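Student: Here is how the chains run, residue by residue.
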Amino acid sequence: EIVLTQSPTTMTASPGEKVTITCRASSSVSYMHWYQQKPGASPKPWIYETSKLASGVPDRFSGSGSGTSYSLTINNMEAEDAATYYCQQWNYPSYTFGAGTKLELK
Amino acid sequence: EVQLVESGGGLVQPGRSLKLSCLASGFTFSNYGMNWIRQAPGKGLEWVASISSSSSYIYYADTVKGRFTISRDNAKNTLYLQMTSLRSEDTALYYCARHTIGALFDYWGQGVMVTVSS
Numbered sequence: 001e002i003v004l005t006q007s008p009t010t011m012t013a014s015p016g017e018k019v020t021i022t023c024r025a026s027s028s029v030s031y032m033h034w035y036q037q038k039p040g041a042s043p044k045p046w047i048y049e050t051s052k053l054a055s056g057v058p059d060r061f062s063g064s065g066s067g068t069s070y071s072l073t074i075n076n077m078e079a080e081d082a083a084t085y086y087c088q089q090w091n092y093p094s095y096t097f098g099a100g101t102k103l104e105l106k
Numbered sequence: 001e002v003q004l005v006e007s008g009g010g011l012v013q014p015g016r017s018l019k020l021s022c023l024a025s026g027f028t029f030s031n032y033g034m035n036w037i038r039q040a041p042g043k044g045l046e047w048v049a050s051i052s053s054s055s056s057y058i059y060y061a062d063t064v065k066g067r068f069t070i071s072r073d074n075a076k077n078t079l080y081l082q083m084t085s086l087r088s089e090d091t092a093l094y095y096c097a098r099h100t101i102g103a104l105f106d107y108w109g110q111g112v113m114v115t116v117s118s
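These protein sequences, in sequence, are chains F and C. Using this note's numbering, read the first sequence as starting at 1 and increasing by one per residue. Using this note's numbering, read the second sequence as starting at 1 and increasing by one per residue.
Excised from the complex, chain F in its bound form (with noise of 0.2 Å):
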């Protein structure tokens, strides 16, 4: 089973900074893929195949990687960004989710 391993835990931006949440597989996987929680909500597609934006995710949102390392990036952090951001990948026979990266608002 491929386990992957987000960082930080928790982190606190101010509005307008750039942020980056990093994901880090055991072994090499194909793609990655984020979705974004808040509180009493249940998860959305935030980021898909690594780089692709589900549908209304807002522009200042990217994604990149390959192989054993990924990474979530907000340019001009937003108030409305302040969430769980949680990493995920398939290899065969499991589904495996990082721990979540919780985003504040500073």
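In case anyone wonders, no lab produced these hints; they're calculated from the structure. Check the hints yourself; a few may be wrong.
Within a straight-line C-alpha distance of at most 30 Å, the following computed DSS-like cross-link-like pairs (lysine-lysine) qualify [unchecked claim]:
| no. | chain 1 | residue 1 | chain 2 | residue 2 |
| --- | --- | --- | --- | --- |
| 1 | F | K102 | C | K43 |
| 2 | F | K102 | F | K38 |
| 3 | F | K44 | F | K102 |
| 4 | C | K65 | F | K44 |
Keep in mind it's a predicted model, so treat the numbers as computed, not measured.
Position chain C against the provided structure of chain F, taking the given hints into account.
Tutor: For chain C alone, kept in the frame of chain F given last:
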């Protein structure tokens, strides 16, 4: 509009059983693989089980293998999770989610709470 509505949760004693259901609408249910994903209170997401569109392929997380059974009824647009030998560590919000060919969970239900406690 795609909708996934879970039901069947509740409070159950350790060692007992419970069956969850997820009613799907707004898409051709029989064309998609489906999953159960859970989230313990204050914790992260944990994939539980997956079933292919025709039930040909079924996979489980090691933490539930041998205790949980995923199934579906395409005529009723419904996904199920039969949970047996429940433990306190199974306490969580259980989500039903659809997956794409690219293994993305693109639609999620609102979740149903399962509490295992004496």
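Student: Taking the hints in turn, state whether each one holds.
Tutor: Status of the hints after comparison with the structure:
1. K102(F) <-> K43(C): Distance ~11 Å between K102(F) and K43(C) Cα, so the pair holds.
2. K102(F) <-> K38(F): 10 Å, holds
3. K44(F) <-> K102(F): Holds - the C-alpha atoms of K102(F) and K44(F) are around 15 Å apart, at most 30 Å.
4. K65(C) <-> K44(F): Status holds; Cα separation ~27 Å.
Hint check: no violations occur; every hint is consistent with the structure.
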